[in-house]
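Peer 1: Below are the chains, spelled out letter by letter.
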Amino acid sequence: MNTKRLFTLLAFSAAAFCLGAQAAQKVTIKSEIASPVVLENAQDKNYLKISLTGFPLEIRKRSPINLALVIDRSSSMSGERIEKARDASIMAVNMLESDDTLSIVAYDSTVEVIVPATRVKDKQMLVEKIRKHIQPRGMTALFAGVSKGLDQVGKHLDKEQVNRIILLSDGQANIGPTSISELTGLAKIAAKKGVAITTLGLGKDYNEDLMTTIAGYSDGNHVFVEKSVDLEKTFASEFNDVMSVVAQDVEVVIKTANQVTPVRLLGRDGEIRGDTVTVKLNQLYSNQEKYVLLEVIPAKGVRAESKALADVTVNYNNLESKNKDTYNESLAIRYTDSDSEMKNAVVEEVLVDSAIQKTAIQNEKAVRLMDEGKMDEAKAVLDQNIKDLEALPVRQPAAVQKIQESAGINRSMGAKMMSEKKEVSRKALKEQNYNVKNQSSKK
Amino acid sequence: MAAITLLIFSVIACLGFRAIEHEALLRVYQSQTLAQTRTAQAEDFVMNLLRQKATRLDAIMGFLQFDEEPVRSLLEKDVDIDDVFVLQKNTLSYPDEQKPLTQKEKTWIQTITPLLRDPSLLYSHSEKTEKGIPRSGWFVINETQEPILIYWNRENDRIVGFHVSYIKLLSDVLNAADFNFAEDTLIFKESGRILYQSPSDLSIENRQPRYSMYLPYPLNTWSLEYYGQKTDTLAVYLWGGVFLLALLMTVGLIIFRLYREYTQTARLARQQVNFVSQVSHELKTPLTNISLYAELLKEELGEFYEDGVRRVDVIISESQRLSRLIQNILTFSHAPKIHIQPVDIGQLMARIVQTFTPSSQARGMILSLNMGESVTESVMIDSNLDLLTQILGNFLSNAEKYASSGQRVDLTVESHPDYLDIHVRDYGPGIPEKEAKKIFQPFYRIQSTITEGVTGTGIGLTIARQLAESLHAEILLAHPSPGMQFTLRLKKQPRIDNPL
Numbered sequence: 001m002n003t004k005r006l007f008t009l010l011a012f013s014a015a016a017f018c019l020g021a022q023a024a025q026k027v028t029i030k031s032e033i034a035s036p037v038v039l040e041n042a043q044d045k046n047y048l049k050i051s052l053t054g055f056p057l058e059i060r061k062r063s064p065i066n067l068a069l070v071i072d073r074s075s076s077m078s079g080e081r082i083e084k085a086r087d088a089s090i091m092a093v094n095m096l097e098s099d100d101t102l103s104i105v106a107y108d109s110t111v112e113v114i115v116p117a118t119r120v121k122d123k124q125m126l127v128e129k130i131r132k133h134i135q136p137r138g139m140t141a142l143f144a145g146v147s148k149g150l151d152q153v154g155k156h157l158d159k160e161q162v163n164r165i166i167l168l169s170d171g172q173a174n175i176g177p178t179s180i181s182e183l184t185g186l187a188k189i190a191a192k193k194g195v196a197i198t199t200l201g202l203g204k205d206y207n208e209d210l211m212t213t214i215a216g217y218s219d220g221n222h223v224f225v226e227k228s229v230d231l232e233k234t235f236a237s238e239f240n241d242v243m244s245v246v247a248q249d250v251e252v253v254i255k256t257a258n259q260v261t262p263v264r265l266l267g268r269d270g271e272i273r274g275d276t277v278t279v280k281l282n283q284l285y286s287n288q289e290k291y292v293l294l295e296v297i298p299a300k301g302v303r304a305e306s307k308a309l310a311d312v313t314v315n316y317n318n319l320e321s322k323n324k325d326t327y328n329e330s331l332a333i334r335y336t337d338s339d340s341e342m343k344n345a346v347v348e349e350v351l352v353d354s355a356i357q358k359t360a361i362q363n364e365k366a367v368r369l370m371d372e373g374k375m376d377e378a379k380a381v382l383d384q385n386i387k388d389l390e391a392l393p394v395r396q397p398a399a400v401q402k403i404q405e406s407a408g409i410n411r412s413m414g415a416k417m418m419s420e421k422k423e424v425s426r427k428a429l430k431e432q433n434y435n436v437k438n439q440s441s442k443k
Numbered sequence: 001m002a003a004i005t006l007l008i009f010s011v012i013a014c015l016g017f018r019a020i021e022h023e024a025l026l027r028v029y030q031s032q033t034l035a036q037t038r039t040a041q042a043e044d045f046v047m048n049l050l051r052q053k054a055t056r057l058d059a060i061m062g063f064l065q066f067d068e069e070p071v072r073s074l075l076e077k078d079v080d081i082d083d084v085f086v087l088q089k090n091t092l093s094y095p096d097e098q099k100p101l102t103q104k105e106k107t108w109i110q111t112i113t114p115l116l117r118d119p120s121l122l123y124s125h126s127e128k129t130e131k132g133i134p135r136s137g138w139f140v141i142n143e144t145q146e147p148i149l150i151y152w153n154r155e156n157d158r159i160v161g162f163h164v165s166y167i168k169l170l171s172d173v174l175n176a177a178d179f180n181f182a183e184d185t186l187i188f189k190e191s192g193r194i195l196y197q198s199p200s201d202l203s204i205e206n207r208q209p210r211y212s213m214y215l216p217y218p219l220n221t222w223s224l225e226y227y228g229q230k231t232d233t234l235a236v237y238l239w240g241g242v243f244l245l246a247l248l249m250t251v252g253l254i255i256f257r258l259y260r261e262y263t264q265t266a267r268l269a270r271q272q273v274n275f276v277s278q279v280s281h282e283l284k285t286p287l288t289n290i291s292l293y294a295e296l297l298k299e300e301l302g303e304f305y306e307d308g309v310r311r312v313d314v315i316i317s318e319s320q321r322l323s324r325l326i327q328n329i330l331t332f333s334h335a336p337k338i339h340i341q342p343v344d345i346g347q348l349m350a351r352i353v354q355t356f357t358p359s360s361q362a363r364g365m366i367l368s369l370n371m372g373e374s375v376t377e378s379v380m381i382d383s384n385l386d387l388l389t390q391i392l393g394n395f396l397s398n399a400e401k402y403a404s405s406g407q408r409v410d411l412t413v414e415s416h417p418d419y420l421d422i423h424v425r426d427y428g429p430g431i432p433e434k435e436a437k438k439i440f441q442p443f444y445r446i447q448s449t450i451t452e453g454v455t456g457t458g459i460g461l462t463i464a465r466q467l468a469e470s471l472h473a474e475i476l477l478a479h480p481s482p483g484m485q486f487t488l489r490l491k492k493q494p495r496i497d498n499p500l
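Sequences listed follow chains P and C, in order.
Counting in my numbering, the first sequence tops out at residue 443, every number present.
Counting in my numbering, the second sequence tops out at residue 500, every number present.
Treat the hints with caution; some may be incorrect.
As the list claims (entries may be wrong) - Quick look at which bits of chain P chain C covers, simulated, 3 or more residues with Cβ under 8 angstroms: (1) 85–95; (2) 143–157.
Claimed, not checked - Residues of chain C clear of chain P, computed beta-carbon distances all greater than 10 angstroms: (3) TYR29; (4) PRO100; (5) GLN103; (6) LEU248; (7) THR285; (8) GLY346.
Hints listed in this document are in silico derivations from the structure and should not be mistaken for laboratory results.
Even glycine gets a Cβ: it sits at the ideal position worked out from N, Cα and C.
Please take these sequences and the hints and turn them into a complete structure.
Peer 2: Written out as structure tokens, the structure is:
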């Protein structure tokens, strides 16, 4: 053997070793207050933002995936839809590796486990099964489908792998339990087990309220796939997410200080017990920011005083280092009598985020108005959102850009509402809102 | 004949139909039992899931500290439990209302308020035992949008209630249910909607309900319905009917064949008899002339030609014998009309003895008449002289023919209070007892050395019996040793109907 080559090989392995030995990467956590300096004796609403950004991850170091594909094969899927669903499933098989686990569940009037949870080794066999069994027929037993999917994923549950269900449906659940609350119950069980359910709504006939709620409770993604040709693209982007999970079981606990009142959470939901606010995130993705936004009313104070606002604790399972990481920070605010000092201290990005989350709350209203048939009023809500966003006194380019983006989305939603059918625009709006609330940057 | 055939047919048809009906019923019953067994199996399956949950919760009870922290982390992780309440001496100790509560906990307390006020509601549904209040059990609140299922466990002063996830139960049932009854299907319904349906090869239209039941408390809103293939009793009736028809046809064919054989024989016999009676009639006229001229000849010969008279006597007696034979044949083919008149038995017997003495003597037999002591010279019986003569004549001809070896025939008359017996006893070889019954059948002749070389029509005794019956008299047989005794028993006050 060539000595030169041997050396290069040695050098490479040493480098690899050094890389492995270097300090494990951690999630970047920032705790910020919208107005860290407030006027004395005033009790204006303030916003606390804890942002979590996943560290970059090398593809070859990604965590194993435990995935269940739950596919709707009711008769409404006939034609191009079922074809695309098959293609997307086959693509999923091809993207997985031998230490990943895959199960495939198809549901119509009843449920069939086409592939029980197995390691992805014999891809040819899996592809054949998909082609053979994913054929349209019958009704939509959505509950039973998700139930079986959860059962399959649950057989190989492991904290160190990414546990996920991808649910594809193009219609209303009409067999077995069908109500939102019942399917939500199932999503809650999934969340307790640490399994995220991503819901893909195909076409314009699925129940977007149901699909977004399921995804919301278990912290999965929700995508409105209007045209079945986009299904593969959606699958690819979903896989991109699933493969870039860097942390799981994330718990953010905010304990507000004396006399500080936690009012509400904007966007992501959580639990408020007295002065303790707990928010859970199922996972964090590499290079993606997720945040928790809490509206608080601070305590009164006098000029030049500094008071504690809240203690923030974040726990998560680091999938790279396989450790449980903890982050602690105490936040305080300062009091002033100068209006300009107060304004100069404003963290514009937090202010913008809180404004964007508020537009999401407004948009839920717009959806309700659409349901009542008041399209013009719904459009007016979107227009008001744009005005509110643009009225924000911000100067920093990043914040300005964020406002423009959000206003742009509101504008295009408004346009869609006028040009497209109601069921299409409603789905688009629901999806948009879901993405804002959960900060999933899809599309 | 037609009536009997009809009867047989209707009995076969009736029994056959009942058998088919029974078979069809049996099929329905069998499928019913199968449905029942399988439904019970499914019930067991669901109730087992519930029992497993109860066992698990009992185990959790064993190690769990009912403080805030451990309970809260249990709720966070356990997928079976939605909420928990702990009653310590009938006051709520978890969730602790003194401490800040989440929205979810507040709703939970609100839901269970009636139970907190009156915890005995919890065991209102449990089976009452003599030991008193049970220690654990299920409770369900069905008024809510989604039923609230509570498993409670009582220990000393503490009652712990677990809000068991109803959704998890539904999901467990769906995941674990693995029934496959080929053509049949089992449906789990919950509050009227289909929860689970076992796969079936048949479409819904081809199924019919077989059995259904409700599950026991706390799942009393659940029902199990079993659908099966429509019981094909039609096929049973169809094939059964075909079989029955074939059976009836076979029986009909057999009866027809038998009938034809019978009528053929009967016709043949009748033709025979007709022929004989016609021939006999034809024979009667010349015979009468022969008898008449023989009598005339006898008178004319007077007492001068003794030899001639003896020969004429033979002609007369032989023509009398032939006349009796012919009379027998005619009687057999045409029943005679009977005129009842008083008959002097003494005279009758004397005449018979007189008539038969020449032929008996010719065969070397002695004919002796013995009128019993009880018989006075003139015993009168209401009867018919000709018929009595014919009956007794037949007895005597038989004795002459078959018992000449005995060389003696006794005629005895015995009078009893109600009846009168006339015995004709010979001293011949006699008749074996098993043959005795058959000798009255027409054309029957005993196959033995007795009949060998003896001519006879085989209808003598048949006619004797027919005539006796028409006079309401009886013929009795006795087997004295040696010989044979025929007895004609005449009723003293006979009531005589017209003959058949």
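Peer 1: Evaluate each hint against the coordinates.
Peer 2: Status of the hints after comparison with the structure:
Residue count for the region 85–95 of chain P with a Cβ under 8 angstroms from a Cβ of chain C: 0. That is fewer than the three needed, and the coverage hint is violated. Remark: the region 143–157 of chain P is confirmed as covered by chain C, as 6 of its residues place a Cβ nearer than 8 angstroms to a Cβ of that chain, reaching the required three. Look at TYR29(C): its CB is around 30 angstroms from the nearest CB on chain P, clear of 10 angstroms, so calling it non-interface holds up. With a closest Cβ-Cβ approach of about 3 angstroms to chain P, PRO100(C) is found to fall inside the 10 angstroms limit, against its non-interface label.
The beta carbon of GLN103(C) is not kept farther than 10 angstroms from every beta carbon of chain P, the shortest such distance being approximately 8 angstroms. Non-interface call for LEU248(C) relative to chain P: holds, since the shortest CB-CB distance, roughly 50 angstroms, exceeds 10 angstroms. The beta carbon of THR285(C) sits about 106 angstroms from the closest Cβ of chain P, which is more than 10 angstroms, so the claim that it is off the interface holds. For GLY346(C), the condition that its CB be more than 10 angstroms from all CB atoms of chain P holds, with the nearest at approximately 111 angstroms.
The earlier numbered hints that this structure contradicts are 1, 4, 5.
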